[in-house]
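Undergrad: Single-letter residue listing:
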Amino acid sequence: MRAFGYTVAKDPADAVRLVTTTPGATFIAGGTDLLNLMKDGAQAHDHLVDLNRLDMAEVRAQGAGVRIGALARMRHVAEHRRVREGFPVLAQALLASASPQLRNMAAIGGNLLQRTRCGYFRDSGSACNKREPGSGCPALEGYSRGHAILGGSDHCIATHPSDLAVALLALDASVHVLGPDGARRIPIADFHLLPGSTPERENALRRGELITHVEVPDSHAAAHSRYLKLRDRATFEFAVVSVAAALELRGGVVRDVRLAFGGVATKPWRSAEAEAALRGKPLTAANVAEAGRALVRGAAPRPDNAFKVELVQRAMAGVLAELGGPR
Amino acid sequence: MTDDPHPTRRAHKRRTVLKGSAVAAGAAAVPPLAATASAEAAIASTVDITLSVNGRDHDISLEPRVTLLDALRDRLGLTGAKKGCDRGECGACTVLVDGERIKSCTTLAVMRQGSRITTVEGLADGDRLHPVQQAFIRHDAFQCGGCTSGQIMSAVACIQEGHAGSEAEIRDWMSGNLCRCACYQNIVAAVGDAAREMRR
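Protein sequence lines, in the order shown, are assigned to chains V and C. Per UniProt numbering: the first sequence ends with 327, consecutive numbering throughout. Per UniProt numbering: the second sequence ends with 200, consecutive numbering throughout.
None of these hints come from the bench; they were simulated from the model. Only a predicted model underlies this, so the values are computations on that prediction, with no experimental measurement involved. Among the hints, a few may not be true.
[What the hints assert, rightly or not] Cut-off 16 Å, straight-line C-alpha distance, at most; resulting in silico cross-link-like pairs (EDC-like, lysine to aspartate or glutamate): (1) V:K39 / C:E89; (2) V:K39 / C:E63; (3) V:K39 / C:D125.
[Claimed, not checked] Facing chain C, a subset of chain V residues (Cβ under 10 Å, in silico): (4) D33; (5) M38; (6) L48; (7) R103; (8) E141; (9) Y143; (10) H155.
All residues carry an ideal CB built from backbone N, CA and C; glycine is no exception.
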């Protein structure tokens, strides 16, 4: 790891000022991804601004929802009673992430900013448009089992690894940030970006902006939600395919449904098409199958990941069955 | 420094490392960092910190890039925590910080000032081994030993968290610790046995 300077931020505004005015500076909270990236040479920073003394770790009820401080650790959010009762998909996604030790360390804000596990990105000896714009994407012709079937471009097909982000996307959460120009709110659906021709740009944050908290609104569907994560090992592994589903049924008819997916797309993926195929209709096997087809209609699979086209549809049907749909 | 929650912590000395609370709060005109040091100066700089490990305070001077694991092993001579992958994957470096298990390779030593750190060296009560240590011996829960101190520290926390109620639960909540020799069967038995003993 290259040498760097280090400063402890005293409040959020101080943190923003330090990162904005110090060349090569970035924030560090849990550090569980950032330090690996720096050790591997996938990222380099001249200065780290430590956020850990900031008062931003609280999880609490706020209005009709819950407010999660950006420094709240994964474990504490997953254990929070309000989260477990009002947003089961959120608690389940967190507990399906990482390992107990990492969940004690990793903060919510950093989780949303973690970088892809694409082996070419993590290997500083490989070309990678995300790490070195213009250098090429070996995954396009190379080993692509972990890569995206949705949302890819000619420049990048790397998947976003966060389970939390997939759950938050299904819950219509919003990300609150503080920057040099003040505070603003970013809907989670607008937070992560498609790679397009600029895969190095992964989110909507501007220079110096700090995630302060995440807000998750209550809903009937949120309280009746579930996360399914399919992976190569039973635990402590990233998703091959994951589904976050929230469902409100009334008289057997779908009144509200939110479907978000991980492991299959270049950003946490919400499928308005799949939701539209179900909303206002009875949750029958035929309608679920139609929703699955709508989900993968634009899919661009590669030889190593073509299996995900069917797997993600089966996973979606499986979660809906657990939430009260046809078995 | 009345607002400093950790009064025993020693101040950073080099100008390249701003003291977060004290300097910034005390001076209206904090010089911009870029004006006080070039990147090259930052490379040479070290900070003086105090780490509280196994009930004892240690004053050390190190670069900000030194991980807690490297500080424990190379600076304090506490080699119980092992460096396996150095990427937060294998769990051999597991220690307790303020009672919670973490992977010491993926945190910086400077970030852990003011915390209570416990390593495997601090687990026994004098000559009397911790119940988890005893259970690992009883169940022959290791071969090469490379992962063992991490397994033991993780198991202590796993039991304290209440996640050692069944074999399946132990396997899930001990998943952050890999054993290359694949002693998992005996490790799971040891953790379950120690949990029952500690509940008594």
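Undergrad: Against each hint, give a clear statement of whether it holds in the structure.
TA: Hints, verified against the model:
Taken as a hint, the K39 (chain V) and E89 (chain C) pair is honoured in the structure, with Cα atoms around 14 Å apart against an allowance of 16 Å. About 15 Å separates the Cα atoms of K39 (chain V) and E63 (chain C), which keeps this hinted pair within 16 Å; it holds. A C-alpha spacing of about 37 Å is found between K39 (chain V) and D125 (chain C), which places the hinted pair above 16 Å, so the restraint is violated. With 10 Å as the threshold, the beta carbon of D33 (chain V) comes within range of chain C, its nearest partner Cβ sitting at about 8 Å, so the hint holds.
Annotation: interface hint on M38 (chain V) holds; nearest CB of chain C at approximately 8 Å, less than 10 Å. At its closest, the beta carbon of L48 (chain V) sits 7 Å from a beta carbon of chain C; the interface hint therefore holds under the 10 Å criterion. A cut of 10 Å between beta carbons decides the hint on R103 (chain V): the least distance to chain C is about 9 Å, and the hint holds. With 10 Å as the threshold, the beta carbon of E141 (chain V) stays out of range of chain C, its nearest partner Cβ sitting at about 27 Å, so the hint is violated.
Evaluation of the Y143 (chain V) hint against chain C yields a violated restraint, the C-beta minimum of about 20 Å exceeding 10 Å. For H155 (chain V), the interface hint is violated, since its Cβ never comes within 10 Å of a Cβ in chain C; the closest pair sits about 27 Å apart.
Violation of the numbered hints given earlier is confined to hints 3, 8, 9 and 10; the remaining hints are satisfied by the structure.
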